Amino acid sequence: MAKEFSAQLTRKLLRYLVPFAIIVILVAWIGVPMAYCFLWSAVDPDYPWSYPDPLPQKLSLFHWRYILENTNILGAVGSSFFIAGCTTILSFLLALPTSYALGRRQLKGTGFFKTLMLLPLVLPGMAMAIFLGRMLMKMGLSGTYTGVILAHTLMGVPYMMRILVVSFESVPQDLVDAASNLGARAFTRFVEVYFPMVLPGLVAGSIFTFINSMEEFNLTFIIGLPTVKTIPTVLFSYLGESFARTRASVVSLILLIPNLTLLLITERFIKTEYMGAALGKM
Amino acid sequence: MKTARKKRKFEWGYLLLLPGLGYILFFLAGATGMMIAQSFGLFNYTAESRFSLEYWKGILNETFVDDLLYSLKIAVCASLLCICIAYPLALIIKKLPGERTILSLVKIPMFIPALVASLLILNIIDYHGILNIILVRLQIIEEPLRLRNDSWGVAALLIQAWKNIPFMLIIMYSAVEAVRRDVIDAARNLGAGRLAVFTQIIVPLTLPSALVSVILVFIRVFNDYVISKTAGPLYPNTISNLMHVTAYLYNDWPSAACIGCLMVITAVSFVSVYNYLSKKLLQNL
Numbered sequence: 001m002a003k004e005f006s007a008q009l010t011r012k013l014l015r016y017l018v019p020f021a022i023i024v025i026l027v028a029w030i031g032v033p034m035a036y037c038f039l040w041s042a043v044d045p046d047y048p049w050s051y052p053d054p055l056p057q058k059l060s061l062f063h064w065r066y067i068l069e070n071t072n073i074l075g076a077v078g079s080s081f082f083i084a085g086c087t088t089i090l091s092f093l094l095a096l097p098t099s100y101a102l103g104r105r106q107l108k109g110t111g112f113f114k115t116l117m118l119l120p121l122v123l124p125g126m127a128m129a130i131f132l133g134r135m136l137m138k139m140g141l142s143g144t145y146t147g148v149i150l151a152h153t154l155m156g157v158p159y160m161m162r163i164l165v166v167s168f169e170s171v172p173q174d175l176v177d178a179a180s181n182l183g184a185r186a187f188t189r190f191v192e193v194y195f196p197m198v199l200p201g202l203v204a205g206s207i208f209t210f211i212n213s214m215e216e217f218n219l220t221f222i223i224g225l226p227t228v229k230t231i232p233t234v235l236f237s238y239l240g241e242s243f244a245r246t247r248a249s250v251v252s253l254i255l256l257i258p259n260l261t262l263l264l265i266t267e268r269f270i271k272t273e274y275m276g277a278a279l280g281k282m
Numbered sequence: 001m002k003t004a005r006k007k008r009k010f011e012w013g014y015l016l017l018l019p020g021l022g023y024i025l026f027f028l029a030g031a032t033g034m035m036i037a038q039s040f041g042l043f044n045y046t047a048e049s050r051f052s053l054e055y056w057k058g059i060l061n062e063t064f065v066d067d068l069l070y071s072l073k074i075a076v077c078a079s080l081l082c083i084c085i086a087y088p089l090a091l092i093i094k095k096l097p098g099e100r101t102i103l104s105l106v107k108i109p110m111f112i113p114a115l116v117a118s119l120l121i122l123n124i125i126d127y128h129g130i131l132n133i134i135l136v137r138l139q140i141i142e143e144p145l146r147l148r149n150d151s152w153g154v155a156a157l158l159i160q161a162w163k164n165i166p167f168m169l170i171i172m173y174s175a176v177e178a179v180r181r182d183v184i185d186a187a188r189n190l191g192a193g194r195l196a197v198f199t200q201i202i203v204p205l206t207l208p209s210a211l212v213s214v215i216l217v218f219i220r221v222f223n224d225y226v227i228s229k230t231a232g233p234l235y236p237n238t239i240s241n242l243m244h245v246t247a248y249l250y251n252d253w254p255s256a257a258c259i260g261c262l263m264v265i266t267a268v269s270f271v272s273v274y275n276y277l278s279k280k281l282l283q284n285l
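Protein chains in written order, with my numbering: chain A, 1 to 282; chain B, 1 to 285.
Heads up, some of the hints might be wrong.
Listed next, with one range per pair, are the computed distances between beta-carbon atoms [what the hints assert, rightly or not]:
id: 1; chain 1: B; residue 1: Thr-63; chain 2: A; residue 2: Thr-227; range: 29 to 35 Å
id: 2; chain 1: B; residue 1: Ile-140; chain 2: A; residue 2: Leu-118; range: 41 to 47 Å
id: 3; chain 1: A; residue 1: Glu-241; chain 2: B; residue 2: Ile-140; range: 33 to 39 Å
id: 4; chain 1: B; residue 1: Ile-184; chain 2: A; residue 2: Pro-54; range: 46 to 52 Å
id: 5; chain 1: B; residue 1: Val-268; chain 2: A; residue 2: Phe-62; range: 46 to 52 Å
id: 6; chain 1: B; residue 1: Leu-15; chain 2: A; residue 2: Met-137; range: 29 to 35 Å
id: 7; chain 1: A; residue 1: Ser-170; chain 2: B; residue 2: Tyr-127; range: 50 to 56 Å
id: 8; chain 1: A; residue 1: Phe-195; chain 2: B; residue 2: Phe-26; range: 23 to 29 Å
Cut-off 20 Å, straight-line C-alpha distance, at most; resulting in silico cross-link-like pairs (PhoX-like, lysine-lysine) [said to hold, decoys possible]:
id: 9; chain 1: B; residue 1: Lys-95; chain 2: B; residue 2: Lys-107
id: 10; chain 1: A; residue 1: Lys-12; chain 2: B; residue 2: Lys-94
id: 11; chain 1: B; residue 1: Lys-107; chain 2: B; residue 2: Lys-94
id: 12; chain 1: A; residue 1: Lys-12; chain 2: B; residue 2: Lys-95
Computed footprint of chain B on chain A; a stretch qualifies when at least three of its residues, placed anywhere within it, have a C-beta under 8 Å from a C-beta of chain B [to be verified]:
id: 13; segment: 37 to 50
id: 14; segment: 97 to 109
id: 15; segment: 117 to 128
id: 16; segment: 151 to 160
id: 17; segment: 236 to 242
Calculated from the structure, these hints are not laboratory results.
Here the structure is a predicted model, which means the values were calculated and not measured.
Every residue, glycine too, gets a C-beta built ideally from N, C-alpha and C.
Construct all of the structure, not just a fragment, from the sequences and the given hints.
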């Protein structure tokens, strides 16, 4: 009796201890690097932080002030948001009719088209960036916002389409039929039936496209520089070309804050199915 | 009358494909065409433009092979490491309470750009990072490890794992979740034990997703530029890096185009062989 009880207790404990442990590990997995990044961004230059001190001796906002005053980081933040916003709108406009056709109309070769639209995500980013850059240069769009937005849209459309196709597919046919029976024309059907049903997918797709554009590095690096600067390219100048950890930390946090805020606000819209749809099941 | 209307509707459907797919194909065809043309010496910016095969002849040198092998090595190691951690974890998480919290947390690294991920993990594993301090304090090692820019690429591998394990976990979790409860119940009714349910239902139903997620991570890592550039070894670096250096530092655009072509060919052939093998595996299951 006592043995059975203790076995049950162990199982109960395990049932709650294991997820607790996983959550603790995950929080450490994400939280410790973030906390370190914060600490590094606030190291006082007069009291360097080096081995074997586990924590910096003195914190100050010197590097934050330096980055904000001496570099055009705010301009980069502005152009990042501008490019991401335009990319999202353009991707949405391009993806909507195509996803409707792929999701609702039983066209021949739908499977083939669905594979085709994933190509930009599969081909090597650097190779595509360099030679897309050459192509845009021929078109006179190198180093312009238009060129960068067009290039980002190339990466945004597949995400948007993949999620929208899944949303269109999951609209029940009865609803559409009922609407047509009641006399709804194509336009009314679209606005009253399809649109509300695909709205969550649309929100998820837009968030994906927006964040993807915010963090796109290769394309901006090749096509945008030297005129168009976004946060990732500024970050690369402190991380890849020369290594300035404190300044890189400041710029990283400037890049992370909008992304993670957006994620927190919209978390409930991004269902796991959409993530799976956008990423897996090619 | 009816057939005529049907036919018109049919064509209209194909027209709808144009905005999305047309856009993608236009730019991809342009970029790929440019790459192929430049690899044969056309559209040359730094020298006279004429058709020639000399760039293709000189491409298979030692640097190229080393870089290609490095890219493949990191990609294979990272995708195997990720699946070994993500697959069991997805199965465990499904069984537990609090899965929503876990999933919300897991989504976070996916929204952290590769450059930032690289910096975050470098802060941890550097000479004076917390990892080395803990290991030295616990007296597991005497000297702090020098993981950054190490010759094998451990740092790059760790960063890739940090970034890609959550990605894989999301895919695997949606696969595990998609296994319908009634199928499991039916098997249990027919007398299958826990182990039989696992090996004969859950594994066969989630294996396709596992195979797909492995190749997705493989491609992401193989195509990577920034992580190995910032944290990886100095000499054999990624093939993307070689291409960028050849184009922008040496101004040798045709050779860079050859490298790009070979990179695409390697990736495509790897994926095709993998797809063929995984189809065989799934058929034999």
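Quick rundown of the hints versus the structure:
One distance hint, 29 to 35 Å for the beta-carbon pair B:Thr-63 and A:Thr-227, holds here, with the actual separation near 32 Å. Between B:Ile-140 and A:Leu-118 the CB atoms are about 44 Å apart, so this pair conforms to the stated range of 41 to 47 Å. For the pair A:Glu-241 and B:Ile-140, the beta carbons lie near 35 Å from each other, so the given range of 33 to 39 Å is met. About 48 Å separates the C-beta atoms of B:Ile-184 and A:Pro-54, a value consistent with the hinted range of 46 to 52 Å.
Restraint check, B:Val-268 to A:Phe-62: a C-beta distance of roughly 50 Å satisfies the suggested window 46 to 52 Å. Roughly 31 Å separates the CB atoms of B:Leu-15 and A:Met-137, a value that falls within the hinted 29 to 35 Å. The beta-carbon spacing between A:Ser-170 and B:Tyr-127, approximately 51 Å, falls within the hinted interval of 50 to 56 Å. The given range of 23 to 29 Å is respected by A:Phe-195 and B:Phe-26, whose C-beta atoms sit roughly 28 Å from each other.
Restraint check: the Cα-Cα separation between B:Lys-95 and B:Lys-107 comes to about 19 Å, which is no more than 20 Å; the hinted pair holds. Restraint check for A:Lys-12 and B:Lys-94: the C-alpha separation of about 16 Å stays at or below 20 Å, so the hint holds. A hinted pair counts as satisfied when its Cα atoms are at most 20 Å apart, and B:Lys-107 with B:Lys-94 qualifies at roughly 16 Å. The straight-line distance between the Cα atoms of A:Lys-12 and B:Lys-95 is roughly 13 Å, inside the 20 Å bound, and the hint therefore holds.
With 4 residues having a beta carbon nearer than 8 Å to a beta carbon of chain B, the segment 37 to 50 of chain A meets the requirement of three or more and the stated coverage holds. With 8 residues bearing a CB less than 8 Å from a CB of chain B, the segment 97 to 109 of chain A meets the requirement of three and the coverage assertion stands. Under the rule that three or more residues need a Cβ within less than 8 Å of chain B, the assignment of the segment 117 to 128 of chain A holds, with 10 such residues. Three residues within the 8 Å Cβ limit are the bar, and the segment 151 to 160 of chain A against chain B gives 5, so the coverage statement holds.
Here the segment 236 to 242 of chain A counts 3 residues with a CB under 8 Å from a CB of chain B, which clears the bar of 3, and the coverage holds.
Violated hints for the displayed structure: none, as all numbered hints are satisfied.
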